[in-house]
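**Q** Below, each chain spelled out in residue letters.
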Amino acid sequence: MIDLTLNHWIVAPIVLPSLLAPIIIIAMRHDMLLSRVFSVAGVAALLAIAIALVVQAADGPVQHYELGNWDGPFGIVMVLDRLSALMLLLTAVLALGVIGYAIASGWDARGRHFHALFQFQLMGVNGAFLTGDVFNLFVFFEVLLIASYGLMLHGGGAKRTRAGLQYVAINLAGSTLFLIAIGVLYGVTGTLNMADLALKAAAMPAENQALLQTGGVLLLIVFAVKAAAAPIHFWLPGAYANAPGPVAALFAIMTKVGAYAILRVYTLVFGADAGEAAWLAADWLLPAALATLAIGMVGVLGAKGLVRQVCFAVLGSMGTLLTAIALFTPEATVAALYYLIHSTFAAAALFLLADLIVARRPDVGDAITPAPRFMQTGLLAALFFAAAIGMAGMPPLSGFIGKLLVLEAAASTPAMTAVWTVVLVTSLLCIVGFARAGSTVFWKSAQVSGDEDDAPAPRPLGPAPGVALSCVGFMLAGMVGLTLFAGPVTGYLADAAAQLYDPSDYITTVLGADALAGR
Amino acid sequence: MEILVASGVGAMTAAGVYLVLRARSFPVIVGLAMLSYAVNVFLFATGRIAINLPPVISKDAVAYSDPLPQALVLTAIVIAFGMTAVVVVLALRAYLESGDDAVDIGADDTESGQPGESDGLGESAGTGR
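Chains as they are written, first to last, in the numbering used here: chain A, 1 to 519; chain B, 1001 to 1129.
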């Protein structure tokens, strides 16, 4: 029997790509045009579903979906609240820009099964955002990681394969740690459902506190690996710099999955009601986040290649994001979520731009050195300028509002001095780093030889270079939109944060109305 | 029994971590396999150690062992098995393409902007199809 009271649209963001991917492999693997059409249509449908879910979540309570109609905490549940709906929408918007770029630049034709892997990647990411079960979260992490291994190696090449091996090895070690953390938590609480874990953690007797907190901190390490927080961030620059441009842009959402998981688990399970284990993550996360921010922005200053510079900027933005998360107040979470949306667009735009520039400078690649003028220097310089302003957090783009929100949220906390110092100093480093790169690549190159007609023949620019450029514009438009509609967006985010910091609605939705009666 | 299981998990984890840190592809693969074995045994133990007890309902059972960790272990085994296969193929390909089985990225790999070979595009354009 199908229970008609359940909202079946909640699983659609997982079911749609998971059906589309095998169809693309089986029926369309020899027909690039057909798989392109279906892949774009799938992403567009995903976007429509995500918008509908955000509208539902915005004015409704938390909704849940029981797979196979088994009640929580025994069955696997999917939970839709404002945060997960927002993350689904962000993923779909990013995916639309990236798939457009991948097709227009011809990247998808440089290896096999790009579109199928892309859909599997979306399935894993969407699943991680929707699931209400820790083990299920592990499974979706594996789905998105396995797809990401394929995408990262797309196109091949010795250096990419070696970087891929390192990326796979790091993530396999991370998955092992995830299972150990899950084992510890299951051993001490007897459940893996997040809502039920929250109840069990709140009622944990003192003699089991040590085990519970060990499990919680192990889980934090796992999420920190995904979110590339110091000191376990080393994998990110190597992996992203060697991935194909559009894939690196899509990976902008992958670090956010780690940040989302931290936010979800450490407000729900280890939140205010968790007794001795309350706000378990805060003490560990804040220093790690500030260190990540510092390392990332120093890397921006020191990078010798454009792509690596963007990788370090991503690291720095994750530091800012995790700093805001680590404060664990509703205001700081609004700032974190706003910055999360912004940094996803900024990172994707920069990765795509770097790919465009590398394609037009075949002799020097992505090295930050003067080189002969290349096609569309002026246009690319303008786009790079806009994206770098966004990433560095200068006005007028959304990065400025995001960093301002972070600073404001930190103002009333004991960590204010540290947060303000690190954020402001690293912003300066980031500005200097990008200014150096931009002036070398665009201005000094302009002096090397005068004429655009003498430019070396670029790498093949793909079937539709104009569309590729407009996909970069789409990402920048995301930042502009986020700036213009900052008011409504932060309003929605404030509601989302309120849901996170009062998890009673989440728990009663998943476990039934009397779940909190014993409190 | 507890001592045996715990020391088994500990020994395998220690061996796995040591091998992963060798930073050569074959020891890393064996080390990751070791780690996944250790995790599987550990997951079993999270349901509390019980001998000769059925996990599913039967008429003449006096007690039950916890079935959930067994389901978790099954999932973990499948994923670890698949990933071992992937990483073996990947390691072979990395070795054949670069002539070196080091897993860590050396100084020559982090230097970007070598003419003509930035992020492997030179090779990929021809062989990718």
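Just so you know, the hints here were simulated from the structure itself, not pulled from any lab data.
A virtual CB, placed ideally from N, CA and C, is assigned to each residue, including glycine.
Worth double-checking, as some hints may not be accurate.
[What the hints assert, rightly or not] Chain B side only, calculated, beta carbon under 10 Å to chain A, not exhaustive: (1) LEU1004; (2) ALA1006; (3) TYR1018; (4) VAL1020; (5) SER1036; (6) ALA1038; (7) ASN1040; (8) ILE1057; (9) GLN1070; (10) ALA1071; (11) PHE1081.
[Claimed, not checked] Covered stretches of chain A, as calculated for chain B (at least 3 residues, CB under 8 Å): (12) 171–181; (13) 388–401.
**Q** Does each hint fit the structure? Answer for all of them.
**A** Results for each hint:
1. With a least beta-carbon distance of about 17 Å to chain A, the hint placing B/LEU1004 at the interface is violated under the 10 Å criterion.
2. Because the closest C-beta pair between B/ALA1006 and chain A is about 12 Å apart, greater than 10 Å, the hint is violated.
3. A cut of 10 Å between beta carbons decides the hint on B/TYR1018: the least distance to chain A is about 13 Å, and the hint is violated.
4. About 6 Å separates the beta-carbon of B/VAL1020 from the nearest beta-carbon of chain A, less than 10 Å, and the hint is met.
5. Interface hint status for B/SER1036: upheld, as the beta-carbon distance to the closest one in chain A is roughly 6 Å, under 10 Å.
6. The interface hint given for B/ALA1038 is met, as the beta carbon of that residue sits about 8 Å from the closest beta carbon of chain A, less than 10 Å.
7. The restraint placing B/ASN1040 at the interface with chain A holds, with a minimum CB-CB distance near 8 Å, inside the 10 Å limit.
8. Contact between B/ILE1057 and chain A, as hinted, is not supported at the beta carbon level, the nearest pair being about 15 Å apart and thus beyond 10 Å.
9. At a threshold of 10 Å, the smallest CB-CB gap from B/GLN1070 to chain A is about 12 Å, leaving the interface hint violated.
10. At about 9 Å, the closest approach between the beta carbon of B/ALA1071 and any beta carbon in chain A falls short of 10 Å, and the interface hint on this residue holds.
11. Annotation: B/PHE1081 was flagged as interfacial toward chain A, and the flag is violated, the nearest CB pair being 12 Å apart, outside 10 Å.
12. Counting residues of the stretch 171–181 of chain A whose C-beta lies closer than 8 Å to any C-beta of chain B gives 6; at least three are required, and the coverage claim holds.
13. With a cut-off of 8 Å between beta carbons, the stretch 388–401 of chain A has 0 residues touching chain B; three or more are needed, and the interface restraint is violated.
Checked against the numbered hints above, the structure violates hints 1, 2, 3, 8, 9, 11, 13; every other hint is satisfied.
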